[in-house]
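Could you put together the complete structure from these sequences and hints?
There are 2 protein chains.
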Amino acid sequence: MAYKGVIDRYRDFLPVSDKTPIVSINEGNTPLIKSIYISDIIDADVYLKYEGLNPTGSFKDRGMTMAISKALEENAKAVMCASTGNTSASAAAYSARCKLKSVVLIPEGAIAMGKLSQALIHGATVLAIKGNFDKALEIVRDICNNYPITLVNSINPNRIQGQKTGSFEICDYFNGNAPDLHCIPVGNAGNITAYWMGYKEYKEAGKIETLPKMWGFQAAGACPIVRGEIFKNPETIATAIRIGNPASWKKAENARDESGGLIDSVTDEEILEAYGILANKEGVFVEPASAASVAGLIKMKNCGKLEKVKKEINRRLTIVCILTGHGLKDPDRAIASVPKPKIIEPTVEAVLKEMDY
Amino acid sequence: MAYKGVIDRYRDFLPVSDKTPIVSINEGNTPLIKSIYISDIIDADVYLKYEGLNPTGSFKDRGMTMAISKALEENAKAVMCASTGNTSASAAAYSARCKLKSVVLIPEGAIAMGKLSQALIHGATVLAIKGNFDKALEIVRDICNNYPITLVNSINPNRIQGQKTGSFEICDYFNGNAPDLHCIPVGNAGNITAYWMGYKEYKEAGKIETLPKMWGFQAAGACPIVRGEIFKNPETIATAIRIGNPASWKKAENARDESGGLIDSVTDEEILEAYGILANKEGVFVEPASAASVAGLIKMKNCGKLEKVKKEINRRLTIVCILTGHGLKDPDRAIASVPKPKIIEPTVEAVLKEMDY
Numbered sequence: 000m001a002y003k004g005v006i007d008r009y010r011d012f013l014p015v016s017d018k019t020p021i022v023s024i025n026e027g028n029t030p031l032i033k034s035i036y037i038s039d040i041i042d043a044d045v046y047l048k049y050e051g052l053n054p055t056g057s058f059k060d061r062g063m064t065m066a067i068s069k070a071l072e073e074n075a076k077a078v079m080c081a082s083t084g085n086t087s088a089s090a091a092a093y094s095a096r097c098k099l100k101s102v103v104l105i106p107e108g109a110i111a112m113g114k115l116s117q118a119l120i121h122g123a124t125v126l127a128i129k130g131n132f133d134k135a136l137e138i139v140r141d142i143c144n145n146y147p148i149t150l151v152n153s154i155n156p157n158r159i160q161g162q163k164t165g166s167f168e169i170c171d172y173f174n175g176n177a178p179d180l181h182c183i184p185v186g187n188a189g190n191i192t193a194y195w196m197g198y199k200e201y202k203e204a205g206k207i208e209t210l211p212k213m214w215g216f217q218a219a220g221a222c223p224i225v226r227g228e229i230f231k232n233p234e235t236i237a238t239a240i241r242i243g244n245p246a247s248w249k250k251a252e253n254a255r256d257e258s259g260g261l262i263d264s265v266t267d268e269e270i271l272e273a274y275g276i277l278a279n280k281e282g283v284f285v286e287p288a289s290a291a292s293v294a295g296l297i298k299m300k301n302c303g304k305l306e307k308v309k310k311e312i313n314r315r316l317t318i319v320c321i322l323t324g325h326g327l328k329d330p331d332r333a334i335a336s337v338p339k340p341k342i343i344e345p346t347v348e349a350v351l352k353e354m355d356y
Numbered sequence: 000m001a002y003k004g005v006i007d008r009y010r011d012f013l014p015v016s017d018k019t020p021i022v023s024i025n026e027g028n029t030p031l032i033k034s035i036y037i038s039d040i041i042d043a044d045v046y047l048k049y050e051g052l053n054p055t056g057s058f059k060d061r062g063m064t065m066a067i068s069k070a071l072e073e074n075a076k077a078v079m080c081a082s083t084g085n086t087s088a089s090a091a092a093y094s095a096r097c098k099l100k101s102v103v104l105i106p107e108g109a110i111a112m113g114k115l116s117q118a119l120i121h122g123a124t125v126l127a128i129k130g131n132f133d134k135a136l137e138i139v140r141d142i143c144n145n146y147p148i149t150l151v152n153s154i155n156p157n158r159i160q161g162q163k164t165g166s167f168e169i170c171d172y173f174n175g176n177a178p179d180l181h182c183i184p185v186g187n188a189g190n191i192t193a194y195w196m197g198y199k200e201y202k203e204a205g206k207i208e209t210l211p212k213m214w215g216f217q218a219a220g221a222c223p224i225v226r227g228e229i230f231k232n233p234e235t236i237a238t239a240i241r242i243g244n245p246a247s248w249k250k251a252e253n254a255r256d257e258s259g260g261l262i263d264s265v266t267d268e269e270i271l272e273a274y275g276i277l278a279n280k281e282g283v284f285v286e287p288a289s290a291a292s293v294a295g296l297i298k299m300k301n302c303g304k305l306e307k308v309k310k311e312i313n314r315r316l317t318i319v320c321i322l323t324g325h326g327l328k329d330p331d332r333a334i335a336s337v338p339k340p341k342i343i344e345p346t347v348e349a350v351l352k353e354m355d356y
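Residue numbers (numbering that gives the first Met the number 0), protein chains in the order written: chain A, 0 to 356; chain B, 0 to 356.
It cannot be assumed that every hint is accurate.
No copy is singled out in the list; a pair is fine if it fits within one copy or between any two copies.
In silico lysine-lysine, DSS-like type, Cα no more than 27 Å apart, as pairs [unchecked claim]:
# : residue 1 : residue 2
1 : 33        : 3
2 : 280       : 100
3 : 206       : 3
4 : 3         : 202
5 : 231       : 249
6 : 249       : 129
I should point out that these hints are in silico values taken from the structure, not numbers from a laboratory.
Following this line, the structure appears as structure tokens:
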């Protein structure tokens, strides 16, 4: 019964064997929180899958436990990625736990120390190259192709395997039922791919009877799948989904089409509004990219597409929104979103006045 | 089976009734992570209770779900605290979820915006008074005594009730067994009080047969219980336990004495060493105060007190260390703890050279 992470719990569905040394920080088992305000405005049962409560603060840990365990099994001498955010933090933490060297390549000058502090504190070797992100990734690929070093960027297929366990948890929570709609932010598109894979495998195994429609949402300034073209200079405040050419582009389109779903875009304004709603009305603090799932759901209500699904399914809908990372990952955004505290006299009266009491 | 927070799971042990409106963000159910490196150096089975994976990033959420639910039941019009850190973040989040006004009083100029961003993003009214922390708390007490406003600082007894659920989870994890030793940071001393209460209640209910020894650890610069005197100017990098006159002083001493345990101190250097071990060897990122439990355990090994317990119990020990908050709560400390990334030429050779490959 004791919980020991996603590989231990969902071993039968994952490409591991008795020979695989399992590296886990007890990731997964994240809360599915019934929303109050959003359920109300959407008029459906909306649940928030709070992936920010994974050990390193994002959903990446589900995939990283697989990627690092398999790297160990394959006798890798190190792992490597070109990343500035959640992936590098997760890779560094899991590598630390099994004494594997982790190396993170970043473009010089482009990254604030705050974003890197997690990878550094977990002991990753972080190298800033005199070049851009594409050059960093090119070097990483080159090295991983020629040395016993495992690439842990999202093209590593073991990451998708681990990430699909999110679907299993959702269906288990609902006692063997899938939700009607699954709303999810889309950046590199690995996560929508993973969740769809998870739902399909659970159905095949007889664990659930129906599949959800997959509703993916990109940021308007970084929506290559929506537009059908690569974004050379993707731009959005939702940095975790600021991707111009998604690695899992085709697979995301498959998830959309097979499920009868959609992939749409949401503006930074819509993302920030949803970000505020989550913090202010639900008590759930997320990084901006996470709010894209909720922003998208609200947009689909406003444009009438949600109504169409309600008519089609013809009973109260169960909807899950994936919240990919914790708000503490991006404290600068939080500070930018709020007013400074007012300074007042140290008296009961002054305080009561400010409270409108 | 679906998890819905600590009140739902442990209702029979908590002062709630059918009339209590439950306000929960699915707090609790946090991982108990088997340590690798620390178990090895301690030569015992050491588990890390990672309370940083509560919704707002600290153990405070366990108590806040109780405090806010009871405030609602008692028709409070608002909740209030004088706090600069984890308590205000938690109070603001839970209040947001049930549309209760939350007010946080702080001393002017003393607090960095980063520390306040969580309370602000959750919509708390944060007021900076022209006075010190004691003055802020005095005003809060005065207002809560005279108006239907609930004080949610740690003297609110419902918080201890909620926090004791941490013990229940640990014993449930071990299939109805308590650990031999329970190591925990001590600041205001509410948490050691709560855990001890939880263990005793579980034993009384027949859920466990033995009780752990409680080992509490204060920071050397803020160790009033160890010294037996109030610290007028407590000072430590472990800000979450920088308390000179703990609210639950006597109760912490009771926990220590009834359990045959101890309360000792650890220096900032010892705390930072444990902080580094957790991040670098276990892959677990905590705020500095959290590391006091591990620092204390290591100190007790080095001074021989752990050996005495081993001889007394005469089998391999099971030890739990409470890690109270997530490292993302204090990013400045993380940045201060690591070197800046090295800048290198964008070539495979340059990267391999830095990897000692």
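Structure-based check of all given hints:
no., hint, result
1, 33 x 3, "both (25 Å within a copy, 9 Å between copies)"
2, 280 x 100, "between (42 Å within a copy, 12 Å between copies)"
3, 206 x 3, "both (21 Å within a copy, 22 Å between copies)"
4, 3 x 202, "both (24 Å within a copy, 25 Å between copies)"
5, 231 x 249, "within (18 Å within a copy, 64 Å between copies)"
6, 249 x 129, "neither (32 Å within a copy, 59 Å between copies)"
When held up to the earlier numbered hints, the structure conflicts with hint 6 and nothing else.
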